[in-house]
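*Asks:* The primary structure of each chain is shown beneath.
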Amino acid sequence: MSLFSSTNRRTFLRNGTNALTLPFLASLLPAGSRALAEQSLSFGAPKRLLWMAMGHGHMEKHFYPTESGRLSDIALPPGWGPMKKNLNQVTMVSNFTNAENKQPHEGTEAVLTCVNVVGFPGKARHNSISCDQVAAAHLGQETRYQSLQLNCENGDSGNGHGGVAMSYREDGSPLPGFASPLEVYFKVFGGNVSREEMLHTLKQRRSIFDILEFEGSSTKRLLTHDDREKLEDYTTSIRDIELSLSREEEWIDIPYPKATQKRPPEGMQGEPEIKAMFKMILAAWQTDATRVVTYRMPDAGLLQSMEISSTPHTLSHYGSNVSLHELNLKRTTKWMQLYSGFIDQLRSAKDPLDPNGGTLFENSLVYNGGGLRTAHRTTNVPCLLTGGGFKGLTHGHHRVASKENTPLANLWTTMLQDAGAPVERFADANATATSIWS
Amino acid sequence: MNANSNIVASALTSCVGSFSSNMAIDTKVSAENKVVYGFVIIFMMSMGLVAQASQGSDVPEALSAFLGNHCIDCHDDAEASGGLNIQSLDWNLDDPHITNIWVKIHDRIAAEEMPPEDASSLGKVERGVAIEDLAGRIQRFQEKNYAKHGRSVARRVNRFEYENILRDLLHDPTLKVADQLPLDGEVHGFAKVGTALDVSHVQVNAYLDAAEFALRRALEFPVKKPQLQSNRYYAREETRMWAGKGNPGWARFSLALEGLEINDRYSFEKKGFDPAYEVRAEVITVDNTSAELTGTWRESTKSSNHVGTHYLADNNEGTGTYTISWKAELPKPGTYEVRVSFIGGKDMARKAPYLIRHAEGETQLTIDQTVTPTIENLWFPLGRFRFGSIGNGSNSEPVVAEISLSNKGANGWVVADAVQFVPLDNLEKENQKAQLSKEQASTAIFRGAYTPFYYGFEKFKAPIRGDYKVRLKARSVLRKTDYVEWEGEKKPRHYPGLVLDATRRYPTPVNDRIFSGKRSEPVKVYSSTLSEPNNQSMLPIGMFEAPPDAPEVFEMEAFFEKGAMVKLDCMRLPSPMVPAMPHTIQKIEPEGYPGVAFHWLEVEGPFIKEWPPASYKALFGDVPTEQSGRHVIAVPTHPLQEAGELLSGFMTRVYRRPVADAEFERFYLYAKQLLEEGETFTEAMIATYSAVLASPEFLFHCGEPGELDDFAIAERLSFFLGESIPDESLRALAQQGKLRDSETLRREVDRLLEKPEGRRFVKEFLDAWLKLDEINDTDPDRELYPEYAGDWWLVNSMIEESRLYFADLIAGDRPARNIIDADYTFADERLARHYGIPGVVGPTFRRVSLPGNSPYGGILTQASVLKVTANGTVTSPVLRGVYVMERLLGDPPSPPPPSVPAVEPDIRGATTIRELLKKHREDASCASCHQKIDPPGFALEGFDVMGRWRENYRSLGEGSERIEGVGRSGNEFVHFIGNAVDASGVTPEGDPFEDVLQFKELLLENEEVIARNITEQLLVYATGAPVGFADRDEVSAILEKSRASEFGMRTIIHEIVQSPLFLRK
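Heads up: the protein sequence lines correspond to chains A and B, in order. If you want our numbering, it's the position in the first sequence, counting the first as 1, plus 957. If you want our numbering, it's the position in the second sequence, counting the first as 1, plus 95.
Hints are computed from structural coordinates only; laboratory data are not their basis. Note that the structure is predicted; figures quoted are calculated from it, not measured. Some hints here could point you the wrong way.
As the list claims (entries may be wrong) - Calculated pairs, BS3-like style, for lysine-lysine (alpha carbon to alpha carbon, straight line, at most 25 angstroms): (1) A:Lys1041 / A:Lys1291; (2) A:Lys1059 / B:Lys1027; (3) B:Lys219 / A:Lys1059; (4) A:Lys1059 / B:Lys199; (5) B:Lys1027 / B:Lys219.
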């Protein structure tokens, strides 16, 4: 098989150069991406999507405002301290519930898929496509990566995320992504392997998968229906890998953008790691490496870097333990501080793809939350929104959905639609979320 | 109509008859009765009594009618009592989730738990007919399914099996790849079941990476065989003995150096010296009997820590009229440390005024005599002063020194006993003379290892992976605290209230006050590379006990990774995690601070059995090697031919059965293609081997519906008891077709259990069954449980007990009831202390007998189990109850209905968990489950979060007694003794128990329940399929065959392997 047989990438590129040249494109976009970007920009700046989640949620009294209204007018819980200057840039929504999440210890596994992971017939545990992957299919065609997944360290290590990933493909297979800022850095800016090494690796991998995909040999051994299903899973996996190899091959001759920041060190943990990941999200967007990102955040790592020895799970069982209350507040405050810092950066980051010279903030839709409230509750999960991409949403309010347990999928539907993905209803959505703010 | 009812009436009579005769023996009812059931239903339907039972259109009519009559009232769409909605429950047995619900419905009705007595008038006959009908339907469905697909779904290997396979295959016992592979899905807690072991691109990619990583390790060796060497590394020649990432300043309290010049920047200014030298110090002591007195002091001998026949005391009767003056004739001028003795205690003078006349003038000091004197409980240092004329070093005329004390403003009992002068010039001078040889010199460690503090010899790094011998020379020592100049610029910031001595110096453990230890100290020796995260259990080498007097040499066998260091954990010693420890150390160990002095490390090795190593031979046979950088490459003479031969051998080994030609061709052609494209032989083979190790034939277990063939039996057996692919012997037996022979199977089971790999089974099975792999998921709260925080020894010993105990149950074919109770267990010193068993000293595990009134004995009350069922702060009867039901009694409760908030214990101590649960049970929908869950949970309330016996809870808010101190991780803590524990309860059968002892007795009344549960747990593990409804008869058969051995654990394993459940897919 030729390495570059299946691509229509070059056609794309040629068209790109014919498109009108937009002078405002920042120089940091590599030539290839610039061309692509220019083409799409005749329709205005592309939307960027980001979903961030922690496993166990925040303690109620520190995080959930008791009244609705303008955030600057109502009494805010103590965890909101660091958000003061960005109150007008965020929206807090109450009453979202992921009714399909039956797993009170696993906050992230189903947060974007809105399915019951133990409810699939014949499977002990399974998943379905996550909304970010729906978005990626529509918004990810022109970027080096359809989407990027940022993750915490291998395994769950007590974060309460569940599963191994936040993003899942259509067949329910997980996309765990990258657990360190350095890995993301290499994905965005390249630089860890030469083109030749890369070609060699791709070629070798490709040839391995060619023979692994070889059918017929296995069917003799795996005869029964259930067993065949297993084998099909296997074959699908191989195809999945081949698809991603194809994409890598298509992009191999398109140079990586010039690095706009220093290479993050190895072995980062907790607060510095989270800050570095935030920077990488901005870099990925600014260089148009991708437009869709999910971040499975390292809550346990953050606690460790704060020298708090309790795990997120222990913190979620605070009961009447005053010292656990204090630790909870410390953590919530830290998360809010990090979040507010991220909003600052979004607001000051120019969007090189915006014909009107706007910022990334203006063109993004960012969800920050997770699938669990405090003490393993799956109702009224944390939901903070920021970014100017939400249609008709004026930030700066605590908005309460009129119905308790409004499907979280309503919000996903709205985010997909607002970002330009032609989706009618995602998962168990029964409406869009726009009615909550219009 | 009339005719119909007559038939029904007579049929009912016969039905009752046949029931009463059958019930006692078997729950099976004759076919005749099913017909009767049908009649009953038809009759009732015709009377219009049957409500619409279920919207699931497929529920069989008769069943639907029964449910409509007896269940739907509560279990409908609106109420869904206990989380069960029968009205909307589909009759879809294809879905195991739904089947499980139907089985549960069957079991609850059969056990007469449902419908509740007060809600229904279900007769015995109708009940029997209904459960018979339901059972038959599920049974028939599952049997049909088994015939078609087999009980188990083809499963892939899990990540631990993948690691073990590579270890076995490559003779690489310390290879670590499980962490690189994604987490496996579990059924009933076991990562052994096909439906949960998903395959995705993530998995396949990870297999390729892991395989390549492992294969390349097999090439990491020099062509030339390394020579056997023996090197000694003297402790005092190490640049440093600590390897922690933490604040280096903390290390100074952890190390002391003895003899020789000190080049360690974290050592004290003052050098340590030979303990024997202390005798030579010419200490001058003046007792109160030789002192000048004014006033009428009382003579006392009430406290024993005094010098001479008695001491003097005054209860502040005068204000300065009582005085005492000690005069000493010092042999020569110089600097002396002045020490006074004064008993100490709470009624003593808070402000005892001392006056010291010395060469520079007079110093007045106010001493708090309530403190315990710091040196040997006797002497309190006032400070260091110069006596005699200054600047005249050669003057050696005797000098008179004078110390006085009065009762002025003393505020409490002033004690006057003795004064001591310790000549320091002399000591320091003599000390320099007393240089120790490298052999005698040592570096001592005064703490346990705990991330990020770990200690070891860093000059040794293993040159190559392999076997070595390690020798350590060590002895135990005691270091006392003293008041010395703080070396840092500032007072430690964490302890603003730190007590200063008279001259504003700090109590600090010092190196010139090192003595022989009072007891031997256990040391755990382990290895890891410098860059690896530290974990004592990572690669244990061995343990020894450093003796208190003369040092001894201890030899251990070790397996090192390349680059591994030898690390040391003085396991009994505290592991402070907070800085500024001097005064906290005093609180932990007032007698002096124990440590272990290490003299040297000697490493002999590598001991090489074959070269090139076995791991190379496993991949490249006899193909010659050539050096290429840090590794070797294989250089064959006829690459294509040798590739074929090697590949064929490799595939036969890993595929667990004869390799089909087409299967071989596929990989052979791949290797060939790579070679033809110009890849080197080594690279081509690594790529091909990796592909084999990611191929479905390798990843998935073989076996077709129906009877397993010999190869599939070998595989199943080997993955059950060895967690890996079959060994040579099993492969040979499979090849010869002997594995369906019952006696052969028996011999093989015995052989596999005795192999070292049998330990893998014990570890992995217990990790999954008892969730022991979760033991470190929570930390005990440092405020409430200061004695556990930072204690690796305890946690490791807890796990070790469970493993030894379970292995012994199998080895000794001991009865399954020992899971609940026994009069023995296995313990080392730490666990024995935890359990309150006297007389167990040292880190070696041994079998210990337990007295009849001990709550310990049996897995139910092992500390490991009690730890994993608690979170770090509190115990919850609910969590423990659910665990016991699910893991030990085989009756897993339903998950709580979604809307009910969890019951969280109140650690302020105001409300008891019992009161909270009682309120919870008042809700009828909670009560039905909690009457089963709560009793085991209540019985285990007698144990705290780490499994230690308690009479009272500890509380952070309220309580009868305030407890404060310093925990073993150096933290200061305060908690209270709270409410008394009430561990009584009533079983669902109505039997009351007072405590866990009585509860155990009640459980032991039905041994079969315990045996059935462990049988089923092992079956899931062994066969990779949950025990279905249709398997119940076979399980009963296994139990019958084990009954004669009192359900012996080894017998059960044998009978499982002999059972059709094991021998069929």
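*Asks:* Please go over all the hints and tell whether each is borne out by the structure.
*Replies:* Quick rundown of the hints versus the structure:
no.	hint	result
1	A:Lys1041 / A:Lys1291	holds, 14 angstroms
2	A:Lys1059 / B:Lys1027	holds, 23 angstroms
3	B:Lys219 / A:Lys1059	violated, 37 angstroms
4	A:Lys1059 / B:Lys199	holds, 19 angstroms
5	B:Lys1027 / B:Lys219	holds, 23 angstroms
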